[in-house]
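J.: So you can see what is in the structure, the chains are spelled out below.
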Amino acid sequence: MRLDERFRFDNLVVGAGNRLAVAAARAVAEQPGAVYNPLFIYGGTGLGKTHLLGGIGHLAEALQPGIEVEYVTLEEFVGQLLAATSTGNLEIFSARYERTAMLLIDDVQFLTGHREMQAELLKLFERMQRAGRQIVLTSDRPPAEIRDVDERLISRLSGGLIVDVTAPDYETRMAILRTNCEERNLTFKDGMLEEMAKFSFANVRELQGALNRLVAHQALGIDESKPRAPEPASRPAGEFENFLTDVSSVVQQHVESWQARLAEARQYWQGEGFKTGIIERALTLPREPDVSGLLATFAAAIEHMRDLERTATAVDPSLGGNSVFRDPERMEEAEDLVERALAGATPPEGPSPMFARDAFEVSPSNQLAAHAADAVVAEPGTKYNPLLFHGPSGVGKTHLLNAIGNALVAASGGTKVVACVHAQKFVDELIAAIQSGSIERWRIRYRHADALIIDDVQFISGKERTQDELFLLFNAIVGAGKQIVLTSDRAPAEIPDLEARLRSRFEGGLVVPIQAPDRALRQALIKRYLLDAGRPADDALVAVLSDQPVQSVREIIGVVNRLGAAADASKTPLNVQMARSELGLATPYAGVLAVGAQSGEGVPYDAEKVVWEWPDVTARLNEELR
Amino acid sequence: MSLVNYATREITCKIVYYGPGRSGKTTNLHYIYSQVPPDRKGQMVSLATQTDRTLFFDFLPLDLGTISGFTTRFQLYTVPGQVYYQTTRKLVLQGADGVVFVGDSQARQLDENVESMQDLHANLADYGIDARTMPLVLQYNKRDLPEELLLPVSELDEQLNFRDVPSFPADALHGPGVFETLRAVSELVLRKLSTSGGGRF
Numbered sequence: 001m002r003l004d005e006r007f008r009f010d011n012l013v014v015g016a017g018n019r020l021a022v023a024a025a026r027a028v029a030e031q032p033g034a035v036y037n038p039l040f041i042y043g044g045t046g047l048g049k050t051h052l053l054g055g056i057g058h059l060a061e062a063l064q065p066g067i068e069v070e071y072v073t074l075e076e077f078v079g080q081l082l083a084a085t086s087t088g089n090l091e092i093f094s095a096r097y098e099r100t101a102m103l104l105i106d107d108v109q110f111l112t113g114h115r116e117m118q119a120e121l122l123k124l125f126e127r128m129q130r131a132g133r134q135i136v137l138t139s140d141r142p143p144a145e146i147r148d149v150d151e152r153l154i155s156r157l158s159g160g161l162i163v164d165v166t167a168p169d170y171e172t173r174m175a176i177l178r179t180n181c182e183e184r185n186l187t188f189k190d191g192m193l194e195e196m197a198k199f200s201f202a203n204v205r206e207l208q209g210a211l212n213r214l215v216a217h218q219a220l221g222i223d224e225s226k227p228r229a230p231e232p233a234s235r236p237a238g239e240f241e242n243f244l245t246d247v248s249s250v251v252q253q254h255v256e257s258w259q260a261r262l263a264e265a266r267q268y269w270q271g272e273g274f275k276t277g278i279i280e281r282a283l284t285l286p287r288e289p290d291v292s293g294l295l296a297t298f299a300a301a302i303e304h305m306r307d308l309e310r311t312a313t314a315v316d317p318s319l320g321g322n323s324v325f326r327d328p329e330r331m332e333e334a335e336d337l338v339e340r341a342l343a344g345a346t347p348p349e350g351p352s353p354m355f356a357r358d359a360f361e362v363s364p365s366n367q368l369a370a371h372a373a374d375a376v377v378a379e380p381g382t383k384y385n386p387l388l389f390h391g392p393s394g395v396g397k398t399h400l401l402n403a404i405g406n407a408l409v410a411a412s413g414g415t416k417v418v419a420c421v422h423a424q425k426f427v428d429e430l431i432a433a434i435q436s437g438s439i440e441r442w443r444i445r446y447r448h449a450d451a452l453i454i455d456d457v458q459f460i461s462g463k464e465r466t467q468d469e470l471f472l473l474f475n476a477i478v479g480a481g482k483q484i485v486l487t488s489d490r491a492p493a494e495i496p497d498l499e500a501r502l503r504s505r506f507e508g509g510l511v512v513p514i515q516a517p518d519r520a521l522r523q524a525l526i527k528r529y530l531l532d533a534g535r536p537a538d539d540a541l542v543a544v545l546s547d548q549p550v551q552s553v554r555e556i557i558g559v560v561n562r563l564g565a566a567a568d569a570s571k572t573p574l575n576v577q578m579a580r581s582e583l584g585l586a587t588p589y590a591g592v593l594a595v596g597a598q599s600g601e602g603v604p605y606d607a608e609k610v611v612w613e614w615p616d617v618t619a620r621l622n623e624e625l626r
Numbered sequence: 001m002s003l004v005n006y007a008t009r010e011i012t013c014k015i016v017y018y019g020p021g022r023s024g025k026t027t028n029l030h031y032i033y034s035q036v037p038p039d040r041k042g043q044m045v046s047l048a049t050q051t052d053r054t055l056f057f058d059f060l061p062l063d064l065g066t067i068s069g070f071t072t073r074f075q076l077y078t079v080p081g082q083v084y085y086q087t088t089r090k091l092v093l094q095g096a097d098g099v100v101f102v103g104d105s106q107a108r109q110l111d112e113n114v115e116s117m118q119d120l121h122a123n124l125a126d127y128g129i130d131a132r133t134m135p136l137v138l139q140y141n142k143r144d145l146p147e148e149l150l151l152p153v154s155e156l157d158e159q160l161n162f163r164d165v166p167s168f169p170a171d172a173l174h175g176p177g178v179f180e181t182l183r184a185v186s187e188l189v190l191r192k193l194s195t196s197g198g199g200r201f
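These protein sequence lines map, in sequence, to chains L and H.
So for the first sequence, the working numbering puts the first residue at 1; every next one is plus one.
So for the second sequence, the working numbering puts the first residue at 1; every next one is plus one.
Please keep in mind that the hints were generated in silico from the structure rather than gathered at the bench.
Even glycine gets a Cβ: it sits at the ideal position worked out from N, Cα and C.
Be careful, since some hints might not be right.
With beta-carbon atoms standing in for the labels, derived distance ranges [as the list claims (entries may be wrong)]:
| id | chain 1 | residue 1 | chain 2 | residue 2 | range |
| --- | --- | --- | --- | --- | --- |
| 1 | L | G273 | H | A122 | 44 to 54 Å |
| 2 | H | P146 | L | D169 | 42 to 52 Å |
| 3 | L | Q270 | H | S34 | 24 to 34 Å |
| 4 | L | K198 | H | S34 | 47 to 57 Å |
| 5 | H | T66 | L | N475 | 50 to 60 Å |
| 6 | H | A122 | L | R127 | 50 to 60 Å |
| 7 | L | S200 | H | T66 | 17 to 27 Å |
| 8 | H | P61 | L | A95 | 49 to 59 Å |
| 9 | L | E145 | H | T8 | 38 to 48 Å |
| 10 | H | P146 | L | T166 | 45 to 55 Å |
| 11 | H | T8 | L | K123 | 47 to 57 Å |
| 12 | H | T66 | L | A202 | 20 to 30 Å |
Extracted from the complex, chain L is given alone in its bound form:
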């Protein structure tokens, strides 16, 4: 089939929609089989695909006279193939196409379904490509979207270059109309073509149709289309356009490379007000770096800077617009600034001044803990890190913990920030921070602390996110050489649902059990509490009271308070007898006392009952010694 004489590059208007396709088509025409093979052009109907094929054919013929160019539509091709098959001339058919230097096939979307033909075509394409023959195809859709086609054929079709042509923009439409008018010697009043070009025609055919209608209307009415003498010296219009197209494709190939991408990004970020030193340095690299990776990292860094700035301004509006947030290379500075702002604005909860180290009575049951605490205060962050106390409730863990905190603050002259928090509060704060999206702030608060003290750490059992955060915080604090002190009601190994990485970290410093108060401690504590309450603390009373086994120090305080209240109520002095009477069952005369209380008389004695009801051998011996 002959190429349509009208379809040449000379009269093909090049615009944004087809610039790349035209550049590729020209390259193919100039060097058939060498650059893009096959060249696959797709795009909507009436956008100039067939024109491009014609242009390729004509240009190739002009450049290499005698070159064999074959132009067929797919339908014709199929027809020929079927005819050849039915007459047994398939060989001749194949040989003919293999000789062709350039095969231009239009409308290959009609491949759908022709299975045998696809196989035949695949063989032919393989042979042609091997022989360096150029194949150019057009379709109304990209190869992958042509339904029901052998995958091998698809991959072969896609193996060269796939370019699309899109609908012309206003300028291109204008140029097409002008070219058409020149070709047909039409003239219109000023502004008419412009008006027409404003309609967004989907394709060039519609545009030409509109032009034809206009011409027809004009012919009916006043004849405004005067034939115009062609300009003598005018060589095919668009020589300059062609040149422009070529330059564009070269620029795209060689200039619009990684550097351009970097430069574009640099300009963009500069426009956003950020320093782009990193990109500038990348631009001077002798070879292409990982541009995508670099730009993604840069964008992420800027996102982080923006976050930091938001966080900072939330605390201290005067920090907004600080230049440090505008330079990703100063990220550490920015982070520092934010940290300082946050830490200064909302320091974490400190130790309670109620618990002084002096007030902590030491006995064999807790002397190891007290000793460890003193060591930590003397050398925070180095000796035992973390220090973990565990023991039943009310044995003085919290006291010791806060005492350490207070001592650390005092030792630094009040400059150190000691975060001292109950684990439940720690969890609650985290939840609130997640809720309000201020988790970074929350983290910074704690990370900024010079020591981290968490009470009742067993509360984080099963709280995964808290454990994650604590893990990170733990590493940050210990990594910075700062002290961590923890308490728990049980040994770390016995805390259920605790991540192994945390457990091992808890156990990595010093784990000290604190026992229930022993007698010596009870004695010391009772004496002190009595004195503190302004009560007489005679040895007998203290001895009686400290004979009572207790699980916790709180019980001791409870007993002292109770006795004090009872003494005040009955207006009797607090003595052994009164104490025994008040504490009831814990006395050797419990039953007798009860009787006495009932009768209001002297003290009857019933030895048997005493033996049975005597609760404590120590107390009994004590009593007898008296």
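Let chain L serve as the given structure and place chain H on it in line with the hints.
T.: Just chain H, lined up with the frame of chain L:
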């Protein structure tokens, strides 16, 4: 001069049309100028003598608009071909990104062609430029003249094109070959970016 400026996203190419006197350098520029759409036309500056010979140089700025986001400008210069304008030639050649050597295809002009080519190399050498790195294309002009006056392209290639650069027969008066030449030199110039490791700043 800056060839590709990524900071301002500008591409500026200085292309110099070099060659012996009366070989058609200015004609090339005139033809290009005639093909530029009106909206793209800069002003062509031609300093010609009364007899239409280039006195100093011709300058044609070509504004190619925005290509891939780059404001692209080509600056086309011609040098005066006459031997006695040596200083001017050298001055115009300064900072060139590419050179088009316009030769005269007439057999009797061969010596002038060769001489001008040597002159080009000497001037480049004076600027410390290795001629092998300078994008260069040859144009054998005046192919419209009667054949008996002309040297065949192969012969011209043999005499002038010892570096085997792209060469084009042309008829600058009527157009054929003019844009082919410009295109080839533009491509060489732009392509040089990729081999020289990117744009200069």
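J.: Confirm or reject each hint.
T.: Results of checking the hints against the structure:
1. Take G273 of chain L and A122 of chain H: their Cβ atoms lie about 52 Å apart, and the range 44 to 54 Å holds.
2. Taking the beta carbon of each, P146 of chain H and D169 of chain L are about 47 Å apart, inside 42 to 52 Å as hinted.
3. A hinted range of 24 to 34 Å is violated for the C-beta pair Q270 of chain L and S34 of chain H, which are about 41 Å apart.
4. Distance hint for K198 of chain L and S34 of chain H: a CB-CB separation of about 30 Å, inconsistent with the stated range 47 to 57 Å.
5. Our hint of 50 to 60 Å for T66 of chain H and N475 of chain L holds, since their Cβ atoms are close to 53 Å apart.
6. In this structure, A122 of chain H and R127 of chain L meet the distance hint of 50 to 60 Å, their C-beta atoms being roughly 54 Å apart.
7. Taken as a hint, the range 17 to 27 Å holds for the pair S200 of chain L and T66 of chain H, whose Cβ atoms sit roughly 22 Å apart.
8. For the pair P61 of chain H and A95 of chain L, the supplied restraint of 49 to 59 Å holds, since their beta-carbon distance comes to about 55 Å.
9. About 41 Å separates the C-beta atoms of E145 of chain L and T8 of chain H, a value consistent with the hinted range of 38 to 48 Å.
10. Hint check: P146 of chain H to T166 of chain L, Cβ distance near 49 Å, so the stated range 45 to 55 Å holds.
11. With their beta carbons about 54 Å apart, T8 of chain H and K123 of chain L fall inside the hinted range of 47 to 57 Å.
12. Distance hint check: the CB atoms of T66 of chain H and A202 of chain L are about 26 Å apart, consistent with the given range 20 to 30 Å.
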